[in-house]
Every structure is written in structure tokens, then in C-alpha cells.
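Number of protein chains: 2
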Amino acid sequence: MKPYKDLSPTPRIIMTPGPVEAEPRVLRAMSYPVLGQFDPEFTDLMNETMGMLRQLFMTSNEWAFPVDGTSRSGIEAVLVSLIEPGDKVLVPIYGRFGHLLVEIARRCGADIVTIETEWGTVFSPEEIAAAIRTHQPNVLALVHGETSTGRMQPLEGIGEACREVDALFVVDAVATIGGVKVATDDWLIDAVIGGTQKCLSVPSGSAPITYNSRAEAKLLKRKRIEQGLRMPGEDGEHEGLSALIQSNYLDLSQLQDYWSPARLNHHTESTSMLYALREGLRVVLEEGLEERFARHRVHEAALVAGLEAMGLKLFGDPACKMPVVTCVEIPSGIDGESVRSMLLAQFGIEIASSFGPLKGRIWRIGTMGYSCSKRNVLLTLGALEAVLLRHGFELPAGDALHAALDAYGV
Amino acid sequence: MKPYKDLSPTPRIIMTPGPVEAEPRVLRAMSYPVLGQFDPEFTDLMNETMGMLRQLFMTSNEWAFPVDGTSRSGIEAVLVSLIEPGDKVLVPIYGRFGHLLVEIARRCGADIVTIETEWGTVFSPEEIAAAIRTHQPNVLALVHGETSTGRMQPLEGIGEACREVDALFVVDAVATIGGVKVATDDWLIDAVIGGTQKCLSVPSGSAPITYNSRAEAKLLKRKRIEQGLRMPGEDGEHEGLSALIQSNYLDLSQLQDYWSPARLNHHTESTSMLYALREGLRVVLEEGLEERFARHRVHEAALVAGLEAMGLKLFGDPACKMPVVTCVEIPSGIDGESVRSMLLAQFGIEIASSFGPLKGRIWRIGTMGYSCSKRNVLLTLGALEAVLLRHGFELPAGDALHAALDAYGV
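Chains A and B are the protein sequences, given in the same order. Under my numbering, the very last position in the first sequence is 410; numbers go up by exactly one each time. Under my numbering, the very last position in the second sequence is 410; numbers go up by exactly one each time.
Relax, there's no trap hidden among the hints.
Note: identical chains are not told apart, hence a pair may lie in one copy or across any two.
Straight-line distance between alpha carbons at most 20 Å, and here's what the computed EDC-like set of lysine to aspartate or glutamate pairs gives:
| # | residue 1 | residue 2 |
| --- | --- | --- |
| 1 | Lys-374 | Glu-290 |
| 2 | Lys-5 | Glu-41 |
| 3 | Lys-5 | Glu-287 |
| 4 | Lys-313 | Asp-335 |
| 5 | Lys-5 | Asp-44 |
| 6 | Lys-5 | Glu-286 |
| 7 | Lys-223 | Asp-257 |
| 8 | Lys-359 | Asp-257 |
| 9 | Lys-5 | Glu-48 |
| 10 | Lys-313 | Asp-399 |
Everything labelled a hint here was simulated from the structure, so no lab data went into it.
With the rest of the complex left out, here is chain A (with noise of 0.2 Å):
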């Protein structure tokens, strides 16, 4: 048998739109023992990891939960809930996320309706309001963060032209949550998807999501017991009944009765992800939601600081940037994929490419939750420089780092 080796991970700087580094808290928690699913002690840590999370999506929605997947489960958990086959469901396309939102929606039957803008662009609230109001969908579907682009669209204003149609609001914020303001209530959306490998700093593999009571309307009408679980005589068929949900992993409805006092059983909720989601929350708590996001925004300032001292250009309109995500255009004769390569094999720092049009274009640099630090961004920067000088880039060596710790006021 060929041997393999002790686990020994290398330790990095991840300093890419995500997955990033994890909380040291979160990894110690997910090596507690594990609890069964029904034991109360456990339902007791899935009860608050729902309140914790209402209040990450600064909601006062019942339904507050992860589904046992990473990011994309959670946005098909919602979609494939919410849309029934034929719906019309609007997507306002901004970069590749978007498009995921189309492929899923396409998937679970949806008549799709988009818009598009350039990437690095985003749409105002005024031009989506009038393609609701022409459109008329059952369903806007949006992506909040865009980390194809490191754009962020602006959502308040957006909920109002939806309910003037009755269409439901889904909100794509797998980049933001915990690093942005999300103010679920406040901006009306019916349904938000966070992600964990990002902002929140807890490995991929639970999605947050939560959605109100226009959205769990939908869902009761397509609602059916789990046929090995109905009692003798029992039939999931009654009068009234909307189209089947199309997957039963991903059903909401079934989701939320194991989320509720009922317990149904459904899945095998993920113990040591639901522990590590509980810490993270806890942290994310703790160190306060305005706080964490004024964090995140002066660690950018420092980093945009660095990489413009370099002489590098940002790439996107910079009135609609992401604060978590830089974008970075590659220098003309520079090869994008060299310079990562050795900025991961003689410093362990890992920065991201872009997909689709972008690929080979552009660098993206993370600053997501515990990777958002001083340090992070200082080595970062020292280490890009080194590199891109080592490819051969002209640029005034020591700007940088200088610039850099200016901002910081050091």
C-alpha cells in the first residue's frame, strides 16, 4: 500500500477572494468531540447558531440556517425553493456570479430574463427598479458582491420595485456577509445567501442562509412530507399543492422542519461545521458587526495605498468597489500566473485570477475577515513588490510598503 503521509499542511497568507484563512477559534472548535443530531445539547447549539445568525443578516426572520453545503448549495437551496418551473426570474448580470445565478435558476426551469452591464461596472437601483417594473418576474435574483470583478452593487431601493410586483428578492451575499453591511430587513430582501470561506473566516462547507415569510409562503405551498417518514395511510398529495420542489436535498421546506422544534429528520446535520459556523459567528459577534466592517475597510485603504505606490492599476469603475476584494490589472509583459506562482512558492502567499473574460487580465487580492490583518497586507505587499521586480517590472522599490504603513498611520 503506498503510504500516506502525516497531515502537515504548509502554513500560507491566503490573501484570495476566498476561501481565506481560518479563525484559530474555528479550527479548535471543529476538533471537539462530535454530539449526535438529536441530542439536545446539540439542537441546543443549532438553536443558537440560528439566533446568531439573524443577527449577522440583521434580520428578525424565523428562518435563520445553514445548509449543509459550501456557498453554491446554498444559493440552489434558494432558488430551486423559490422558483417554480416557468417563473419568471430576472438576473442582473454583472460578472461571473451572476451567471451562476442564471445556470442554477436555468436548471430549476426558470424563464430567465437578464440584463448586463460591462464587468467592472455595476447597475444604479433606478435602471434594476425599471427592469422589474418592465419585466415583472416572479423572481430577482442578485448577486451582492461580485468577486469575479470586485464590484459591490447597491441594493437599497431594489426591494421597494419588488414588492410593487410581488416578486421575490434574492440576495447573492456569499462575499460580503460579515465583511459589508447586510441589513436583510432594513433593505427588503426576502431571502440572502452568506458564505463562510470569506468574510466570516470558517472553512467552505455550510452556507448561511435565511429568507422571510413571503418567501416561506412560497415554500408551504410545495411542501411534502418525506415519503419514509409519513405514517401508515399517510399521502404527501393534497388539494392546493404547488409544483414539487425539484430536489430534496435542497428543499427548504424540508430544511426548515428539521431547523424547527418538529426536528424532522432530514439530513445528518454536519457536527463539526455547525461548531465551527457557532465560533465563527461568536467572533464575528463579538468583535461587533460595525466594527468588523470598518476593519475591513482600513486594511483596504492600505492595501489600494500599496499597490497604487507600486504603480499598479486597479481595475473597475471605483465608485461601486468591493471593500474585500481589490482588483488588479497584470502589467503588459508581465505573466500573471508566474508572479502567483512565486509570490506561493518562496512566500506562501496566495492572491487570486479571474475567470471568463478577466482570466490572465487582472489579480485579486482578498481582504476577508481574519486574513484582513496589518500583517497579512504589509508581507503581501513587501512580497509583490519582490516579485514583480523579479519579473522584471519597473516600479519605485520601497513606495509600497511606505504607502502602506502611511495609511496605517505608523
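Fit chain B to the known structure of chain A by using the hints.
Same frame as chain A, but now just chain B:
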């Protein structure tokens, strides 16, 4: 803000049919810092995990990887990817998890045919082969170990019948993998789903699967490159494509690209769960598959001897008993839930109830993976005896542990 306490789970002896206690080495592995998903060091760990999964599944299949979700995400990934709407799917049902296969297959748009047998029994392979010849399904979906009844379906001979009619043979081995032989290649199984939180003793949240080239051929006919990953001008559609897979998250044609050297971006692999699965597989392979299966039989025998010495009656046909789950009839006049609660609250030991028609009729005691040990079996028997006496059940006090110690040859 309500103070949420430091995580500090009470230690438990978990003798359910899953989730069971996790291997301490696995818990430790999850506490290591994360690596980026495309970090070569991480992709090496992914490849090593695939190699170990092939050994676990006793297969030379190219594809053996985890789906990022709990066991039923793996089941749904296989079914939604292999079942095209309108396909005929044959499901032999002998307990709750057969109904789950029906539930999921129906949501995939299958034309479903079932055969059923009484809970507590299984089918002969000949009965299933005859049904295959009669119904000529596109897919046969079958549970290997049915934890709801504690029965195990013999699988030899069924694959041959599937090949005769060109059906794909899909096996849910969630409850048996790592505890009982699952000979994917020898038994001509086209796709197998394993579970982590049972005989592998890795926490729930990862679903290892494998499938062969017959299954892959069907996937490839349905494959589309995700819209957000296409280069400008590329189109996902072309002549000869079969129906789009109705899930994105669980689309095996995309997942296998992510797990291939191409590493085409899909979800963000759950780093910590991958660490956990890799470590769990190392533990299994270090013990040795045959040795591990033998260990499970030893502790089952001691448990059964103890239970019978207490005057308890085992549920179901002994000829097809699962070696890793023992179902016990709740004696008349005894409140089964009260017994379970006292075991948990006073002794820190968890055993399970069952579902549907067996709810309140049987207890289910698992002897799985790390939980399957002499210590756990003896402590469980001693505690159960005390709790039953406390509930007024007449039994020959002391005999259970005598019998178990005899079985162990002490």
C-alpha cells in the same frame, strides 16, 4: 447581546446507526489551518483522497471523490446526474431509505417502479434480477444496508442482470462502507454512494462516491460548461446533448472536471472536511479493510449475546442482519423514548429509535467505526440493563455482561 458560551460538548458514547463518534485523529486533522482550493499542496491532498477512496470502494474506477454535503447529497448527486426525466428507475424497497431513493428519483423526473418487501426482511438477488428483466429499467437504485430496519441486501448477481438490460446499477452504501465489504467492481456496481459519519467515523458533511465509465458515458452526454466559465463566443449547447442535469451543485459532470487535472472551478472544496476524510481513510486503510470488517463482527456478536442474555428480542430476519446495526424490539409496557432519554442523560450513551412503522417499536444500536469497541459495547450493555431495571423490566441482572465477556473470550 446574549452571551453565547464557549463550545464545550459533553463527551458521549454514540451507539446509534450514525452519526457515531469521530476518530480522534480525524478531529485533530480538522483543526489544521486551511490551504487554498487550488494550492498544489491541497490538490495533492485531493488526489491522495481519490486514491484511498478507490481502495475503500474496491474499485479501479477513475472517479472516486467526495460530494460536499451530507450522505444524501451524494445520493442525490448520483441520481440527478444519471436519471434523465422520463427514465425508468426500479427501486426495491425494504425500509425507509428505499423510500428516500424513490423520493429523490421522483424529483429527478423518473418514471418509478418499486417492489416492496416487509420491513425486517430483504429480497433474494433472484427476485431483484427477475424484476429487472420484467421492468427493463434505465437505473436500478438499491440500498445496501438499511439502517431503519437493520437489514443488509445481498448484492451479488444483481449487476449481471442490470448489464443484460443495459441498466445502471446504483447502490446506497452509506451505512455499510468501511464496516462491511462493498465490492464495487466485483459486483458490477456502476455507482456507489458511501457515508462518512457511520463506519468511517468522519463527521457528517462529506459524501464519498464512485462511478465507472458506464455511468460516466451517461454524464458526458448531459454535460455543459458553466456559463460564467465559458470564453467569449463559446456556447454550452451542441448537437446530440441529452437533457440538462437539473442541479448545478450536484452535477457530476461538473464535479468530475473539478476533481480532474483540469480543476475547472465549481464549488470551493470544503478544506476541513477533505482533511477529515483523508485522515479517516488513512485510519481505515492502516487497520486494513478485512481486519476492520472482522472487528465489526466481533463486537456485534458480543452486543447480540448481551442483549439476548437480558431477555430482549432482536427485530427482523437474522439471515440478513446488518453486522453494524442491531435492532431490538422494545418490550411491551416499556416506554422506549424514556429509556433512550435516561441512557443519554444519566450515562451519556446514545442509542436510536426508528422511523415510520417502526417508530416506538424498536431501538437501533449501532456498532460502527470508532464507536465499535469493546469498551463501548460493555458500557452500553451495563447501562441499558440498569435503565431497563429502573423502568420495571424484569431481566436476569448481571447476565448481559457475563454473556458479552464470554463472547469476547475474557
